[in-house]
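Visitor: Heads up: the protein sequence lines correspond to chains A and B, in order. Numbering-wise (my numbering), the first sequence opens with residue 27 and increments by one. Numbering-wise (my numbering), the second sequence opens with residue 864 and increments by one.
Some chain B residues judged to face chain A by a derived CB distance under 8 Å, without partners named:
#1 Gln975
#2 Arg982
#3 Leu983
Read the hints as simulated data drawn from the structure, not as lab findings. Backbone N, C-alpha and C fix where the C-beta goes; we use that ideal spot for every residue, glycine too.
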Amino acid sequence: MSAPVSSRTAPSRLRRIEPAALGAVVFREATMFRRYWRSTTFSSVVEPTIYLLAFGFGFGSLVARVAGYDYIDFVGTGIVATAVLFGSAFPGMFGTFIKRVFQKTYDAVLATPVDTEELVAAEALWIALRSGVLGVVPMLVAIAFGLQPSWGMLLVPLIGALTGFGFAAFGIWVSGIVPSIDSFGYVISAVVTPLFLVAGTFFPIDGLPGWASTAALLNPLYHCVELVRSAVFGFSLLTDLGHVAALAVFGVVMWLLAVRRLRARLVL
Amino acid sequence: MPATPAPSTTAPPDGTASLGLSLRGVVKTFGALRAVDGLDLDVRAGTCLGLLGPNGAGKSTTMRLLTAQAVADEGTIEVLGFPVPEQSKQARAQMGVVPQQDNLDIELTVRQNLQVFARLYRLPRAGRNAAVERALEVAQLTGRADTRVDDLSGGMRRRLLIARALVHRPRLVLLDEPTVGLDPQVRQELWALVDALRSEGVTVLMSTHYIEEAERLADDVAVMSAGRVIAFGTPTALTVEHAGSRVLEVYGPPSRLLEVERVAAAAGLPTRRTGPAVAVLRAEAAPAAVTDALPDAVVRPSTLEDVFVLLTGEKVE
Ligand SMILES: Nc1ncnc2c1ncn2[C@@H]1O[C@H](COP(=O)(O)OP(=O)(O)OP(=O)(O)O)[C@@H](O)[C@H]1O
Ligand SMILES: [Mg+2]
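For reference, chain A alone in the conformation it holds in the complex (with noise of 0.2 Å):
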């Protein structure tokens, strides 16, 4: 099935992205997630409350203070990013492998005028609202056990969901890579964990040797962290920009690779 892409793909011509296309694919995410919002929900918020609470507790008996911050602050903020790419990559790899290969949900919709960059695009599109969303319970958590709340709080679903489109994206790219259901534990080992751990989230990453901090920075989960602390804690202009461009660069090129991956294995 992983033919040579050229000749056999459709043209990929710029075509209209049509908001009643993206509309009516997320409509049908919407109404199966009223059927499973219970267990969905709480698989993506347990485990980061788990890791918050285990780090806050754990860790923070050892350390008072990191990188100036209380480290309830400094882990109930980066643990937003955690339940964000929870909430986003798994349903990315794992909801559209089921999907497309078990259920046929694609091709029935490619069947309806609607097409591969529409439907790659509702599909994160959905995810990215729904982690937004999830990824804030955490930080809630966080409030009870001492951080502060402030206004800047807000916008960190929107800061969420930013992060979770190019992880969605991420996820549906994988989905069409692997050529099983099994084949995710490898990425999930080799590349998700690192991610996560190695974000800035548990422990400041210019404590890193120097090629990792630098690495890190290409780490897009660095980003979102970071967002998300100048939201609680107060922006610097410049910088958060920089974030936003990284992760809105980081969701077009997923969503692109995305477009194109599943392209190929739906369109024979």
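Fit chain B with the ligands to the known structure of chain A by using the hints.
Guide: Only chain B with the ligands this time, still in chain A's reference frame:
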């Protein structure tokens, strides 16, 4: 060579072509396999074309080409006047597709499935509920609207699969083996549904294994084998052309059947085997030598099935 009407070279790209769809010299390969191999096919607007062919003939691949879910290596495709795949989206907006493999959302209810498709097909908000209700009636599932698809019988699922493709009142419907595996009564119901579509002027392309279905529903039949159309015409014309008007059928042991085949071959008449019998086609043209040699033969009118088996060498259900 293909016995199809003249190509439409002047079809306006606004969906008003007199051809429902047309394929010209279409080739689709999967590696070394030529699944569609120089296919020429036209479906006139408002007619039902039955695509008959054995397993692997390329029927489903052809359907995918028409929705741009497969892209041809060679040839040109036009659907409702739109070139495909270039303007496939516009064409898809006006067509309904019933796939061979059921891809309903089994965890959603009947109504939710239809609501999703009403949106995918861009029905305006004001007309959506009415369209969903109408589709429920078409599927005869109004009473089960809030049942999860998972809990429907096979026949109900198939009716929903068809109704889902009709929710936006398409001008063209692709049906890929719509009645396979259904009991005769449900099949009758689906036939009535296709009949209703035709009387509304909807263009239908329907692939099937069931000869009876093609005879009953299709204005024209295309017999497909190894990726191309090997015979085309109305069921009656095809039957007469390839099998004549009458058939002599002889039942007997293998030795007797061999003998019958020899006699027919000597007179230049085609034959076909069906289990314990051999059928001599074009019997109306049989010389006395043949009829005299076959006193045990039963005479019956020829059927499309005779043609199908003769042309494809396949048994049929
Ligand atoms: N995605 C694919 N990759 C490789 N080969 C394929 C693919 N899809 C179809 N084929 C091959 O193309 C040929 C035509 O298949 P197709 O499904 O179009 O036949 P069909 O006429 O619909 O058969 P059936 O009556 O069994 O449904 C078959 O040999 C099939 O194995
Ligand atoms: Mg088929």
